Every structure is written in structure tokens, then in C-alpha cells.
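Student: Going line by line, the protein sequences match chains A and B.
Taking the numbering used here, the leading residue of the first sequence gets 1, the next gets one more, and so forth.
Taking the numbering used here, the leading residue of the second sequence gets 1, the next gets one more, and so forth.
It is worth saying that the hints were derived from the structure and are not from the lab.
None of the values given here were measured: they were computed from a predicted structure.
Incorrect hints may appear among the rest.
[Stated by the list, open to error] With beta-carbon atoms standing in for the labels, derived distance ranges:
(1) Glu22(B) with Ala60(A): 35 to 43 Å
(2) Asn310(A) with Lys2(B): 54 to 62 Å
(3) Asn61(A) with Leu4(B): 20 to 28 Å
(4) Gly22(A) with Thr130(B): 24 to 32 Å
(5) Glu22(B) with Ala6(A): 21 to 29 Å
(6) Glu53(A) with Met161(B): 36 to 44 Å
(7) Val25(B) with Asn115(A): 55 to 63 Å
(8) Asn61(A) with Val25(B): 15 to 23 Å
(9) Val25(B) with Pro119(A): 46 to 54 Å
(10) Val25(B) with Leu121(A): 40 to 48 Å
(11) Gly22(A) with Val25(B): 46 to 54 Å
(12) Leu110(B) with Ala18(A): 22 to 30 Å
Ideal Cβ positions, reconstructed from N, Cα and C, are used throughout, including at glycine.
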Amino acid sequence: MTTRSAKESLLSVFIAVAIAVGFLFLPQNAAIRIRTSVRDAILPGHRLVAVVEEKFVSLANRWIQKDTTVTDEKRLSEMHAKQELELRRLRLENARLQKRLASQNHLGVSPYRANDTAPLLVEEMIQARVFGEELSALWKTGWLLDKGSREGVGESDLVLRDEGPLLDQGADSRLETGFPVFAGRTVYGRILHVGKWTSSVQRVTDRGYRSHAQIVRKTGAGYIFGALGVLQGTGDSLCRLELVSSESPVKVGDEVYTASEAGRFPFPMYYGKIVRAQLSPGAAHWEIDVQPVIGKTPPEAVQILRRRINPLRNSSSGNTNMISNNTHIHSGTP
Amino acid sequence: MKHLIIAILTYLALVLQAGWRESIVIGSFSPLFLPMLLAMVAVTVEGPAAIFWAAIIGLISDCLAAEALGIEMLGAILVVFVVQKNISGRQRISENASVPLGLWAMILFLMTEVLLVFSRAMRLLISGQTIEANPLFSSTVGVAACTTTVGLIVLIFGKLMIRVLPWRIIHDSYS
Numbered sequence: 001m002t003t004r005s006a007k008e009s010l011l012s013v014f015i016a017v018a019i020a021v022g023f024l025f026l027p028q029n030a031a032i033r034i035r036t037s038v039r040d041a042i043l044p045g046h047r048l049v050a051v052v053e054e055k056f057v058s059l060a061n062r063w064i065q066k067d068t069t070v071t072d073e074k075r076l077s078e079m080h081a082k083q084e085l086e087l088r089r090l091r092l093e094n095a096r097l098q099k100r101l102a103s104q105n106h107l108g109v110s111p112y113r114a115n116d117t118a119p120l121l122v123e124e125m126i127q128a129r130v131f132g133e134e135l136s137a138l139w140k141t142g143w144l145l146d147k148g149s150r151e152g153v154g155e156s157d158l159v160l161r162d163e164g165p166l167l168d169q170g171a172d173s174r175l176e177t178g179f180p181v182f183a184g185r186t187v188y189g190r191i192l193h194v195g196k197w198t199s200s201v202q203r204v205t206d207r208g209y210r211s212h213a214q215i216v217r218k219t220g221a222g223y224i225f226g227a228l229g230v231l232q233g234t235g236d237s238l239c240r241l242e243l244v245s246s247e248s249p250v251k252v253g254d255e256v257y258t259a260s261e262a263g264r265f266p267f268p269m270y271y272g273k274i275v276r277a278q279l280s281p282g283a284a285h286w287e288i289d290v291q292p293v294i295g296k297t298p299p300e301a302v303q304i305l306r307r308r309i310n311p312l313r314n315s316s317s318g319n320t321n322m323i324s325n326n327t328h329i330h331s332g333t334p
Numbered sequence: 001m002k003h004l005i006i007a008i009l010t011y012l013a014l015v016l017q018a019g020w021r022e023s024i025v026i027g028s029f030s031p032l033f034l035p036m037l038l039a040m041v042a043v044t045v046e047g048p049a050a051i052f053w054a055a056i057i058g059l060i061s062d063c064l065a066a067e068a069l070g071i072e073m074l075g076a077i078l079v080v081f082v083v084q085k086n087i088s089g090r091q092r093i094s095e096n097a098s099v100p101l102g103l104w105a106m107i108l109f110l111m112t113e114v115l116l117v118f119s120r121a122m123r124l125l126i127s128g129q130t131i132e133a134n135p136l137f138s139s140t141v142g143v144a145a146c147t148t149t150v151g152l153i154v155l156i157f158g159k160l161m162i163r164v165l166p167w168r169i170i171h172d173s174y175s
């Protein structure tokens, strides 16, 4: 290396280091904007690789005869999972009917027959693919580090960062921060940041996640909706259910769903099971730990719930405005 | 042409690291693709251009992480600078295909390891935690070894591909 080029090289290092240090002190908003732009830029490549992978797999499957024999164990496991889901659905239905019955017993049945009308707001689900949890972020944020102390000692705080998995739907699908994200009938989290084409998710287990929840418990008369509380992510594998009154009956094994009373979720969606319920003497609230269904591995696809004005109610004006989760109605064309 | 190829490879590495890293697992560790590219830049690009690409690759790596920007950028710049200082210009710029595999492996392993340790230590410092050397190294060595293994496989595959005619043109234009 000549002296001149060595000087140039050294100068470029100084400039680059200065820029890097500048980035360290960048305001949070600007950093999020840069990060979101880079993540948005990944999307076309991600889709291209997905297509190539799909083609490659289908081509390989043509040549290699796929072993289609499913083991008994696997089949039984699948059947068990299906029955578990069906059982959960029936429990929920039972609880809803119990609630309706209790309400009718309390208030009585109207002597007039009411006409069924179309609701003002309708919900719609958007399917989104989980856009590959950035593995570099995974080990930094703990997904890989949590596998054992060998891999993760000393970085547990980094698990609690609010950057979650990335979805391939963003502002172009009219997503907004706070929209709930589901994996089937299970709550996966909520939208945290929305980019143009992608958005990140805050999982129910992430610190900072808070939402109304309701216990469903078994009684002699069947399953009923129990106490309301606030489910809170702890950054650990368990969630905390808070503000459940000490007067409410709670036991380990009770299931926790979203609270339909809170108005955010039209149907109760599943969070998980209570694995610890403790009531200290004189305490006003239970100390409850909930084991959520969502695991460390993100699902391939999730569904995002958004609301809009029922087109049937609004067909005369042709207005189908979106409603955000905060029930903020955007003004549309008159 | 060389910079265009690096730009394309940077994008490819970004896509692979963001979405496909978990599909490659060697002994419970997954490789990092951006450090592979960083090693390639350190060995095949000279002077300010190498620093420029190191900064870009580092910044992109930062964007995939959840913490403050600039940490991996800083690490990448310093690591590439040190590698440039310690490998003679002739060895670096001459046919990169002639750089022995062992040297490639050593450079890639050391660069990845230093980068991981540096960025992790910086993050711990920023978040006010104490740095313990043992867990810090034990958690990064596996990733660095995995990255080196995959990097060598990619390199050998790349060398084989270069023997095929159309690839030869790209290789020549890169050199």
C-alpha cells in the first residue's frame, strides 16, 4: 500500500467511524425509520427466494419419491391437537351460552320479537406471512440465547426488546399500530411498528404487551366466563395476569381468553392456561402466571384483525372506511 | 463491475440472513451471511472502498438487530481496517481464488468472532450490564464456527461455478 493510499484509507476509517458513532446517538424515531426502510427493502428478495425455493422443492419432489407414510404417533398427535381445539371451542361456546342464559334469567326475555339488523362494524382478517425472524436479532434478543445458559448468560435483558417478528403486510394493507395478531384461534400479539410493506409484531410474551383478558373456568353448571384481568407480557415464556380481584375464584388449569367486554376482540381468542395462582394474605389481587400457547418459533402465517364500517350499512354512500383499533373513524368521501 | 457484484451480494446476504438463516443449523448454531461478505470485502477490495462497504454491511446488520444503530457498523469498519492492515496488498488483491482456503477460514472465523464479541459487548455496555468473558465467548464461538463452515462451502461451490464459462466472465470482471 502506498503512503498516499494508506492516508486515504486512514482518513476514510476516521470518517466512517465518526458516522457510526453518530448513528449510535441517532434519535429513536430516525433509527426506526432507517430500520423499517431496510426491512421493507428485503421483501422483494424474500419473495423471490420463496418462489425459487418453492420451485426447487416441487422439482425435487418430482424426482425423489416422497415418503407419505405417516407414523401412528404423528397421526395420533394431530388428532389430539384437533380434539383439543374442538374442546376449547366447545368450552367457549358453553361459557357464552351460560352467560346469555344468566343475562336472560336476570333481565328477563322481551315480549317483543326484535328484527336482526346488520352490525355497524364488521371485522376482517388479513393473512400475513411471518417474514423470517431476523436471526441476527434472534440471538441478540434472546430467541437463540434462551436455549441455555451456555448461549445466553448475561443477555437476558436483551430478550425484552420490543422488536418482534416481521410480517409481510404493512401500511399498504392499511395496518395500524395496535392491531391484534392471531395465529388461528390463539392471540399471537399486536402490531408494533408499521412500515410501508412490512410491520413488526409485539408478541404476548414480550415485555410491554398488555391487554384485557378473561378467565374461563369449569363449574358444576359447565364452563363460565370468570374474572377479568390484564394480561401482561413479561419478556419470559410466561405471562402475568394482573388485577384479578382476590374475591374471584381462580385455579390452576383455568383457561385465559381475550375479554370480549373490552370491545377489541369480537370473539374470545385464546391466550393460554393458568399455571400458577397465588393469593397472598390480605392482597387485593391474585398473582397469576399464564402459560401462553405461542412458542418461541413463530408460525408461518398469522392473521391480523381490522375493522371497517359494514358495507351493507353504508352501501348507499359507498363509504367503506377503515376503523382503527382505537375506534378512530377516518373521514371519507361524502 | 466489482462494486455492482458486491451490491448484489450484499442484498442477497441481507435477504438470506433475515429470512433463511434458521433453515441452516449446524450443531444448534446458524450461520451469519453478512460477515461472510465482510470477509470477502476485506480480502478483495482495497482502501477506502473496503471501508465504505464495511460501513454499509455493518449498518445493514445493525438494521436487522433490535438495538441502537451503529454498533455493528463500527465493529465492521474496525475489523476490515485491521484485516487490511495485516494482509499484504499483493496477497489481498491478487486473484482471490488463489488465497488458500485455510487463510480464508481463519480470516472469516476471526472476523466473525471479533465482530460478534464486539457488538455483544457494546450492547451489554449500553444496556448497563456487566460483561462476563466466558459466556460472551462461548455463545459466539459456535456461531463463528458455523459461519466459517458455511462460508467455506459457499467458497468451494463458488470456485467450482467459476470454472463454468459464463461465471468466468463475472469472475474476471470482478478481479
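Student: Does each hint fit the structure? Answer for all of them.
Tutor: Hint check results:
1. Glu22(B) with Ala60(A): 35 to 43 Å: The hint (35 to 43 Å, Cβ to Cβ) is violated, given that Glu22(B) and Ala60(A) are roughly 20 Å apart.
2. Asn310(A) with Lys2(B): 54 to 62 Å: holds (58 Å)
3. Asn61(A) with Leu4(B): 20 to 28 Å: violated (35 Å)
4. Gly22(A) with Thr130(B): 24 to 32 Å: This hint holds: roughly 27 Å between Cβ atoms.
5. Glu22(B) with Ala6(A): 21 to 29 Å: violated (42 Å)
6. Glu53(A) with Met161(B): 36 to 44 Å: Violated, since Glu53(A) and Met161(B) (Cβ atoms, about 19 Å apart) do not stay within the stated range.
7. Val25(B) with Asn115(A): 55 to 63 Å: Holds, since Val25(B) and Asn115(A) (Cβ atoms, about 59 Å apart) stay within the stated range.
8. Asn61(A) with Val25(B): 15 to 23 Å: holds (22 Å)
9. Val25(B) with Pro119(A): 46 to 54 Å: The hinted range 46 to 54 Å holds for Val25(B) and Pro119(A), with Cβ atoms some 48 Å apart.
10. Val25(B) with Leu121(A): 40 to 48 Å: The hint (40 to 48 Å, Cβ to Cβ) holds, given that Val25(B) and Leu121(A) are roughly 45 Å apart.
11. Gly22(A) with Val25(B): 46 to 54 Å: Roughly 37 Å apart at Cβ, these two residues miss the hinted range, so it is violated.
12. Leu110(B) with Ala18(A): 22 to 30 Å: holds (25 Å)
Against the hints set out earlier in the document, violations occur for numbers 1, 3, 5, 6 and 11.
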